[in-house]
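Engineer: Listed below are the residues making up each chain.
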Amino acid sequence: MMRLNVLLLVAVVLSALALVRSQYETRRLVMAIEKVNKESALLEVEHQRLLVERRAQATPQRVQSLAQQKLQMRVATPAITQYVSMTPGNAGGASGGVAK
Amino acid sequence: MSGSRSVQFSTSPLLASKTPVWRSKFIVAAMALGFLGLVGRAAYVQVFNNDFFQRQGEVRYARTLVMPPSRGKIIDRNGMLLASSVPAPSIWANPEEMERDPAKLKELAKLLGMSASALDKKLEDDDKTFVWLRRQMDEPDAKAVLALGIKGIYSHKEYKRLYPEGEAAAHIVGFTNVEDQGQEGVELVFQKALAGKPGSRRVIKDRLGRVVETVGDVLPPEDGRDIQLSIDSKVQFFAYQKLREAVLEHKAKAGSVVVLDAHSGELLALANYPSYQPDKRVNLSGEQLRNRALTDTFEPGSTMKPFAIALALEKNLIRPETVIQTAPGRINITGSTITDAHPHGPLTVNEVIQKSSNVGTVKIAMQMTPRDMWEMFTEVGLGQKPNVPFPGVAAGRLRPYKTWRPIEQATMSYGYGQSVSLLQLARAYTLFARDGEVVNPGLLKSDAPVQGVRVISVANARAVRKMLNMAAGPGGTAQKAQTMGYSVGGKTGTAHKQEGKGYAGNKYRGVFVGMAPIEAPRIVVAVMIDEPSNGKYYGGDVAAPVFSEAVQQTLRVLGVQPDMAVKPQVVTQAVEESF
Chain A
1 MMRLNVLLLV AVVLSALALV RSQYETRRLV MAIEKVNKES ALLEVEHQRL LVERRAQATP
61 QRVQSLAQQK LQMRVATPAI TQYVSMTPGN AGGASGGVAK
Chain B
1001 MSGSRSVQFS TSPLLASKTP VWRSKFIVAA MALGFLGLVG RAAYVQVFNN DFFQRQGEVR
1061 YARTLVMPPS RGKIIDRNGM LLASSVPAPS IWANPEEMER DPAKLKELAK LLGMSASALD
1121 KKLEDDDKTF VWLRRQMDEP DAKAVLALGI KGIYSHKEYK RLYPEGEAAA HIVGFTNVED
1181 QGQEGVELVF QKALAGKPGS RRVIKDRLGR VVETVGDVLP PEDGRDIQLS IDSKVQFFAY
1241 QKLREAVLEH KAKAGSVVVL DAHSGELLAL ANYPSYQPDK RVNLSGEQLR NRALTDTFEP
1301 GSTMKPFAIA LALEKNLIRP ETVIQTAPGR INITGSTITD AHPHGPLTVN EVIQKSSNVG
1361 TVKIAMQMTP RDMWEMFTEV GLGQKPNVPF PGVAAGRLRP YKTWRPIEQA TMSYGYGQSV
1421 SLLQLARAYT LFARDGEVVN PGLLKSDAPV QGVRVISVAN ARAVRKMLNM AAGPGGTAQK
1481 AQTMGYSVGG KTGTAHKQEG KGYAGNKYRG VFVGMAPIEA PRIVVAVMID EPSNGKYYGG
1541 DVAAPVFSEA VQQTLRVLGV QPDMAVKPQV VTQAVEESF
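Protein chains in written order, with the working numbering: chain A, 1 to 100; chain B, 1001 to 1579.
Hints are computed from structural coordinates only; laboratory data are not their basis.
If you're wondering where the values come from, they're calculated on a predicted model, not measured in any experiment.
Even for Gly, the Cβ is constructed at its ideal location relative to N, Cα and C.
There may be inaccurate statements among the hints.
Facing chain B, from chain A, some residues (calculated, C-beta under 10 Å) [stated by the list, open to error]:
#1 Glu34
#2 Arg49
#3 Leu51
#4 Gln64
Footprint (simulated), chain A over chain B, 3 or more residues, beta carbon under 8 Å [what the hints assert, rightly or not]:
#5 1165-1174
#6 1208-1214
Could you put together the complete structure from these sequences and hints?
Structural biologist: Structure, rendered in structure tokens:
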């Protein structure tokens, strides 16, 4: 009877310690996940910022002024454009009907 | 002796209690009672009054965190960004607790972009505990400020909107204020959808302020929706650029351009000049802010003639070849004289439009009833608010036909007496571009096919389109509307501006509305130049060139093949492929 009681006491103490430990572990993991979440949010924001910046570098206005001033390009006109038309049903085919 | 030495424990005389038994029993009972009390208390805390204690615990350690939603982006029809939010921390100070190291303060002022004296002024009142130093800085600068490590300087997380397209799309996109509330344009109209809904969650924080546990349900934030407009940023840019050049060249007060997709009614571009930079709004004037294409109405002038002609065709009063005598370039309607700018002789109906003869149009229009004309004008949207969700969209003015006097019916046939916005004018011209159907302009990209409203027959719409084509051809009023590779058609309008009760003698508005390619129109473009004052003022001189360039660029961007022969200047040495 006595031995059983001692055994149970030990079991209770162990389980209590395990509870404390698992609680501690939970909190540690929650903190870690919070940190990572925060980081991910920051990266997401950074990503958005970079997207905007990339877009700002490629606005039609900038492209046009760079093309005209730096690269001496001019705006395409139909006179210097070769038009290729795709016949329906042949879309993507290797020998797409080419017509001028 | 040894016997007495080895006394048994249980019989040890030392243990022989001389005290009464009840005392030990009393102790046991008292301890038991004590334990019972503890058990009772535990039960009270854990079971009976658990809720109360749980709440009290949470009050001490749990916090509600608000999770702000991110504002939706505004993108064009191809997914290009027109507006997006980026973090822009605001810097604030607590003057009371600030350390004032002159060297560091100087550095701080430099980073904040203000003079040292201005900074001192902001900080001089050290009773205050909160002063904004600068709102919405660039993130790297704000980080540099915090890196100075001055005590009492804090940053507050905020967002600001960036508008990569700048002034070209300013009137469409609009802007938000410092609190992220839409103030103009799409930012204002779709404020609710863009803003989203904040979420929240309860967490338990430890004494260092770290989140250690989430309590209860998490209400996730609802991020703002992205709004995809029907605008094509390339078309928008070209249209704005050409408009701006024209306004500057003709020393005009302002100008607007609208490009509509004739197939779907979607707005491909809508630009006004003068414009502004939506993210740098200092010293903005109402002139710059006004979205003229939607809010300003004007007398459409000769651009209304095709509608009178279309109605007469529909009523079988005329054929395109019917000859109308317009000599001597004057006509008298109940005592008032209507004249042509250049007198012509007998003209066919085709030529009436081509040469924009007031007399010819009036002669045709007077064969119809005011009611029929009113219905025609109403069906193409005059006097009706266009169905675009913008603040201040103008409905224009079309008086009820019962009040029309004959002279008014006559002048309305060539566009004096009613008023429209440029968008309404473009919408009305979808009548001809879509073979007799008008379609509502749309601001949001939609893939659903649109249903137009049939107003005139296909044959008559094509007949008018041919006249519009002639107007842009040799002998027409709008030859400057021609563009390389694409056949165009359209109508010029030059209206005296109203001033007070009468018309201003020397103030004009040049208008051009047209479509291309003429056989199967893909786009409708309307251009308005307000008060050109550099010698030229006819719609055919000031507005038509903008049309021409806008058509050229738009059709190229849309990948529409030229329908007219162009002398190719392509230098190719490619060998013909054999099949």
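Engineer: Work down the list of hints and note, for each, if the structure agrees.
Structural biologist: Against the structure, the hints come out as follows:
Among the interface hints, the one on A:Glu34 holds; its C-beta lies about 5 Å from the nearest C-beta in chain B, closer than the 10 Å criterion. Below 10 Å, beta-carbon pairs count as interface contacts, and A:Arg49 has one with chain B at about 4 Å; its hint therefore holds. Here the hint on A:Leu51 is kept, as its CB sits about 7 Å from the closest CB of chain B, short of 10 Å. Given hint, A:Gln64 at the interface with chain B, holds; its Cβ is 8 Å from that chain's nearest Cβ, closer than 10 Å.
Only when three residues or more bring their CB closer than 8 Å to a CB of chain A does the claim for the region 1165-1174 of chain B stand; here the count is 3, and the claim holds. Beta-carbon proximity to chain A at under 8 Å applies to 5 residues in the region 1208-1214 of chain B; the threshold of 3 is reached and the given coverage holds.
Violated hints for the displayed structure: none, as all numbered hints are satisfied.
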